[in-house]
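There are 2 protein chains.
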Amino acid sequence: MDNKNTGNYTEISTLGEFGLIKLLTKNLKILNNSTLKGVGDDAAVLDYGSKRILVSSDMLMQGIHFDLTYTPLKHLGYKAVASNVSDICAMNGKARQITVSLAVSNQFSVEGLEELYSGMRLACEHYGVDLVGGDTTSSRSGLCIAITVIGDADDADITYRSTAKENELICVSGNLGAAYLGLQLLEREKKIFEGQTEDVQPDFAGYEYILERQLKPEARVDIVQLLKDKNIKPTAMIDISDGLSSELLHICTASDVGCNIYEEKIPIDYQAYKMAEEMNLNAVTCALSGGEDYELLFTVPLEKYEEIAALKDITVIGHISKKSEGCVMTTRNGNTFELKAQGWVSF
Amino acid sequence: MDNKNTGNYTEISTLGEFGLIKLLTKNLKILNNSTLKGVGDDAAVLDYGSKRILVSSDMLMQGIHFDLTYTPLKHLGYKAVASNVSDICAMNGKARQITVSLAVSNQFSVEGLEELYSGMRLACEHYGVDLVGGDTTSSRSGLCIAITVIGDADDADITYRSTAKENELICVSGNLGAAYLGLQLLEREKKIFEGQTEDVQPDFAGYEYILERQLKPEARVDIVQLLKDKNIKPTAMIDISDGLSSELLHICTASDVGCNIYEEKIPIDYQAYKMAEEMNLNAVTCALSGGEDYELLFTVPLEKYEEIAALKDITVIGHISKKSEGCVMTTRNGNTFELKAQGWVSF
Chain Z
56 MDNKNTGNYT EISTLGEFGL IKLLTKNLKI LNNSTLKGVG DDAAVLDYGS
106 KRILVSSDML MQGIHFDLTY TPLKHLGYKA VASNVSDICA MNGKARQITV
156 SLAVSNQFSV EGLEELYSGM RLACEHYGVD LVGGDTTSSR SGLCIAITVI
206 GDADDADITY RSTAKENELI CVSGNLGAAY LGLQLLEREK KIFEGQTEDV
256 QPDFAGYEYI LERQLKPEAR VDIVQLLKDK NIKPTAMIDI SDGLSSELLH
306 ICTASDVGCN IYEEKIPIDY QAYKMAEEMN LNAVTCALSG GEDYELLFTV
356 PLEKYEEIAA LKDITVIGHI SKKSEGCVMT TRNGNTFELK AQGWVSF
Chain C
56 MDNKNTGNYT EISTLGEFGL IKLLTKNLKI LNNSTLKGVG DDAAVLDYGS
106 KRILVSSDML MQGIHFDLTY TPLKHLGYKA VASNVSDICA MNGKARQITV
156 SLAVSNQFSV EGLEELYSGM RLACEHYGVD LVGGDTTSSR SGLCIAITVI
206 GDADDADITY RSTAKENELI CVSGNLGAAY LGLQLLEREK KIFEGQTEDV
256 QPDFAGYEYI LERQLKPEAR VDIVQLLKDK NIKPTAMIDI SDGLSSELLH
306 ICTASDVGCN IYEEKIPIDY QAYKMAEEMN LNAVTCALSG GEDYELLFTV
356 PLEKYEEIAA LKDITVIGHI SKKSEGCVMT TRNGNTFELK AQGWVSF
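Here the protein sequences line up with chains Z and C, keeping their order. The first sequence begins at 56 in my numbering and counts up by one. The second sequence begins at 56 in my numbering and counts up by one.
Keep in mind the hints are simulated off the structure, nothing from the lab.
Because identical chains share one entry, a pair is satisfied inside a single copy or across any pair of copies.
Taking lysine-lysine and the PhoX-like style, the derived pairs with C-alpha atoms no more than 25 Å apart in a straight line are:
hint, residue 1, residue 2
1, 106, 84
2, 81, 271
3, 359, 283
4, 84, 271
5, 378, 288
6, 106, 285
7, 283, 367
8, 359, 320
9, 81, 395
10, 359, 285
11, 220, 320
Hey, can you work out the whole structure from these sequences and the hints?
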């Protein structure tokens with residue numbers, strides 16, 4: 056009864072994550088009036104009265120999404136919550152509740168799980184989120200964390216991926232690539248560490264910021280609030296968990312438009328540049344294809360240019376174009392090249 | 056940075072599942088007005104307008120909760136959804152949406168995942184539930200399924216665990232122990248199968264019912280509807296996922312009461328009796344401590360006796376007593392013994 060023996064066998068890697076999701080969810084029917092939006096955005100949108108309910112789920116697997124060699128459990132707990140809250144930010148909503156399901160092997164101690172939970176509690180307090188349930192079970196190996204976040208928003212405030220229009224400005228919060236480069240640094244130090252017989256301590260001096268971006272990212276609730284305060288409603292929005300290219304392509308595909316972004320406009324922190332150089336990586340490539348920045352990528356009407364450009368920690372990086380013009384980046388030397396979805400290579 | 060080396064180390068098994076959950080959730084604060092009930096029942100209860108929102112999450116791990124040697128992926132998908140819907144039934148609500156997060160190793164084929172999803176879709180259609188989101192990622196080994204179910208109910212209809220009162224009747228739907236005995240049968244045939252060099256087919260004749268109870272359980276949405284139709288609101292309710300003893304103790308602890316149930320009243324199917332006998336097991340013990348029946352356990356006022364006793368597929372098995380009288384079962388020969396929470400031994 057091995058599933059390899061039941062007729063056809065197609066390797067998951069031939070489809071990739073997005074292809075697989077598309078295939079598995081293609082036959083879904085919506086049965087309830089309360090389901091306004093199902094699969095296909097950062098969160099589902101439900102109608103249960105005056106406010107809209109936003110729901111999003113994420114799963115984090117040891118050995119795939121995190122490496123406990125260099126990830127403190129408390130940080131991991133914080134990050135797991137923050138990355139989920141980020142999905143609600145991407146819908147322009149406020150995260151309210153989470154459920155946390157954990158599977159742990161007997162390698163973990165009670166103290167270790169308390170550490171993990173203390174990080175989750177800290178994030179819950181920071182973001183004003185209630186942990187309302189979940190499941191705790193055992194696993195044959197490793198740690199598995201599944202979180203569902205529930206948020207709310209007024210119907211008129213919700214930002215989808217599918218509503219970007221030609222000529223609108225493309226904006227990002229913060230800076231990009233730092234989390235990925237922080238990960239590369241940790242991986243490098245792990246290798247050095249493992250190669251040594253003596254007890255060499257890793258040297259992270261001067262790279263504290265990119266390490267923090269990797270180990271303790273924040274959901275940009277402040278940007279959601281800032282835009283609200285300034286009365287600027289993004290026309291489309293997504294959070295950058297899989298790299299700028301992939302997320303921008305999600306918006307363009309869903310909105311049936313093209314885009315043009317400018318290499319020189321992409322915000323990259325000094326430490327990220329420096330680390331990229333040290334590692335012979337291109338910092339812009341890291342911004343385009345590295346993951347886990349949890350910054351917000353959004354579009355606003357062209358006439359908002361002055362206002363949006365004046366806001367702290369928000370950068371205009373390009374504009375939405377006709378679909379026929381494709382999704383491109385104009386490089387510093389004036390060439391254009393097509394954006395590709397690298398995404399998170401999960402399989 | 057191994058978590059075993061950071062100070063204290065307490066084995067999770069010393070606390071058990073319930074002890075661990077209690078420890079991890081003891082410091083949780085509620086921050087949002089919309090959170091009416093957090094951790095501690097079958098589902099969280101949220102206030103988002105006219106209806107109450109119910110939320111529950113479950114995690115299923117390969118090698119812990121299911122064995123793909125004898126579990127068809129389609130059945131597994133169906134069961135994963137049904138067991139979650141059951142949690143909403145236990146709150147006397149209607150399941151509306153689910154999110155499904157999957158982690159799969161590269162041993163799985165696309166066709167295998169389609170099988171799994173086809174079972175989930177079938178269950179969604181059967182229960183009128185919309186699959187609205189989730190996550191799909193890879194795992195280093197095995198399959199991990201995390202589901203969050205969202206349901207709704209009028210505030211006045213919700214049944215908690217904590218509201219059973221002295222003298223009320225204890226009722227169960229369907230029959231108990233069958234799913235556990237179905238599992239024992241599958242495990243036995245697996246061993247026989249593995250011990251043979253020739254291609255011996257397992258013999259399940261005469262045990263189709265208990266196999267179905269294990270492989271394709273149903274959430275008792277029909278019982279929730281029946282009680283509604285008859286205008287009987289349970290005073291407390293829980294679903295039986297971990298065995299009758301454990302669930303009854305949950306109600307008694309939460310309600311601060313005792314209970315007395317009668318061995319001879321516990322409903323057990325003929326096939327379950329027969330299988331228990333064949334395996335030298337006590338069928339009543341299987342009902343008390345076996346898991347995965349997904350029947351409903353609930354209490355009703357004493358004056359409802361005639362009405363409730365007349366209903367098909369519902370059995371009155373005892374009554375709620377004073378806390379000081381303890382939680383006991385009266386055996387066929389008139390002895391009493393204290394109920395113990397075996398639960399699901401996860402660690």
